[in-house]
Amino acid sequence: MNGKPINNRAWLFVLPVLAFVLFSSIIPVMTVVNYSIQDTMGVNNFFWNGDAWFRDLLNPSTAIGARFNDALFRTLAFSLVCLVIEAPLGIAIALCIPRTGWLVGLTLVVVALPMLIPWNVVGTIWQIFTRADIGLFGAALTGLGLHYNVTQDPISAWTTIVVIDVWHWTPLVILLSYAGLRAIPDAFYQAAQIDGASRWAIFFNIELPKLQKVLVIAVLLRFMQTFMIYTEPFVVTGGGPGSATTFLSIDLVKIALGQVDLGNAGAMSLVYYLITLTVCWIFFTIMTQLERRGDV
Amino acid sequence: MAQITLDGIAHAYGGKPRSEQDYALKPLHHVWEQGMAYALLGPSGCGKTTLLNIISGLVIPSEGRLLFDDKDVTHLPTKERNIAQVFQFPVIYDTMTVAENLAFPLKNRKLPRAAIERRVTEIAAMLDLTSVLNRRARGLTADAKQKISLGRGLVRSDVSAVLFDEPLTVIDPALKWELRSKLKAVHRALDLLMIYVTHDQIEALTFADRVVVMNDGKAVQIGTPDDLFERPEHTFVGYFIGSPGMNLMPAKVLGSRALVDGAELQLGAVYPEPPKGQRVQIGVRPEYTELSSMAGVPVQVRRVADLGRKRLAYVTLGGQPIVATIPPEMSSIGDQAKVVFDPARTHVYVDDIRVTGAAP
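Protein chains in written order, with this note's numbering: chain A, 1 to 296; chain B, 1 to 360.
Simulated from the structure, these hints should not be mistaken for lab results. Keep in mind that this is a model prediction, so the values were computed, not measured. Watch out, some of these pointers could steer you wrong.
Straight-line C-alpha distance at most 25 Å; calculated SDA-like pairs for lysine to any residue [as the list claims (entries may be wrong)]:
1. Lys254/A x Leu18/A
2. Lys71/B x Gln193/A
3. Lys210/A x Asn134/B
4. Lys210/A x Lys71/B
5. Lys79/B x Tyr189/A
6. Lys107/B x Ile26/A
Turn these sequences into a full structure, and let the hints steer you where they fit.
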């Protein structure tokens, strides 16, 4: 040691943060953990239940296990569909935004508008928009003779939720990609012109590699948000028709608050949480790997 | 392979110029001859890069015509001009190996595979890149990356010209010398027109057959390194080339004599009386201004700088600060000394332009 006295009072400065984390995360999570390992008959009587809730949940042959499996599959499918549409679309639109001039500011504001609208408002707007009787979109499709009904037809419901998410959140991908594109020095484009590269070659050899880092972030953010999607299906479809748009979060709320099945809901919450955490960790690893390779 | 003609080329960024100040590049006529190595030399912001980008087509000039041999290419896009250009900072394609990077300009022009491979091998050998040919380019050092950029500039043997925009700025000093002599060797071997932008006079003078000195959007002198040193046509060339630059003193010129703050200097020629109201200066390089203890014009010595190879005295002639060379045999230097100017190398400038005198 260097002989300097160690002043442990420095820890006092960390206390406010610890208190904050305690109330914002640790206590709520521990409450859920508490539910997931006990059974209750109401009136605050809890009985030790071990890992039974978890074994039920992860066993597809039980009712709750099958339900969880379906919801998980549905949610993953939804995330995948949204990503497959939003990432290329976002990049494509970002490529069309001019690099300089007064149009830049205007375009960016217009593009970002959907992101500024609160979730439940988005849901309500679209719920009205898609109604087959009075909604502009719904009535127009029905008028064209297409079978479109959000409350009865699963395909209509799915399409609507995906379209809402694409409309609401592609702007995020656009803004991130645009920032990434702007960071590419002009010399790269000039060199590509000198080298006689085609537009495709420029995209694949300059733009896409330079966008890698922001795209990982964009995909991570979009995955997280679509994987946790709640408000839009809750407002527009209510999880239906049937259980066609009952994603994990909606199912969780149904089990916890609809059926007051706290044990199942607790276990499901934790597994849901762990999946999210794992995906985050995978993305973080990819990001640090890219960082280490340097000069992306 | 071609000769490139600038016919009144001028450029103003952002459209219509209203005054001369708006031009980044003022109207310029020049013929770049096939097989020559040119350097474009000047301080930052003098229009060097603009001129280079006009030749390569990255910038379309607002005025004038650009000819490659007899073909007007003023409005042709870069791709159709057959020009190679190397930039100040390394540009490499991250996704490709070193070999693929070097092959890229050839592949885009649909050369046969065997020819591409031959050229890539040659260029790699020349730039010492053979050992890393199959490595990914992104992991290499800045030096190596810039070598790849240079390689991509040199890999096409059929280009009209190769343009370099301060290509050695990011390179280590030791490697700089080596690469510069390699470029020179390539130039001799390929008989290409090369134009090299730099603000480093040593780089310009060692690389080029002809140096174009630019200042404030104008080409102030085009000449051999020797011309620029011995006969600067403009006071800017006088003090920009040489280190330290030329001594410039306001003077009164009377025939073959000049008066500087009361002191009389001999000139190498007889000059006509300059028109009234114009600024007259005489200029002598420090190399031709020698400190002496015997004859000469009396000066005050301010300080002495020992550069190892040579010694310089910073002195004042009347009120004019000038720099003089101290001859090797002179040992003790007091506050007072004398300087001798070489009359044959003393030039007269009227409004910054050199005037020639008649033989005495």
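- prompt: Can you list which hints this structure breaks, lowest number first?
  reply: 1, 4 and 6
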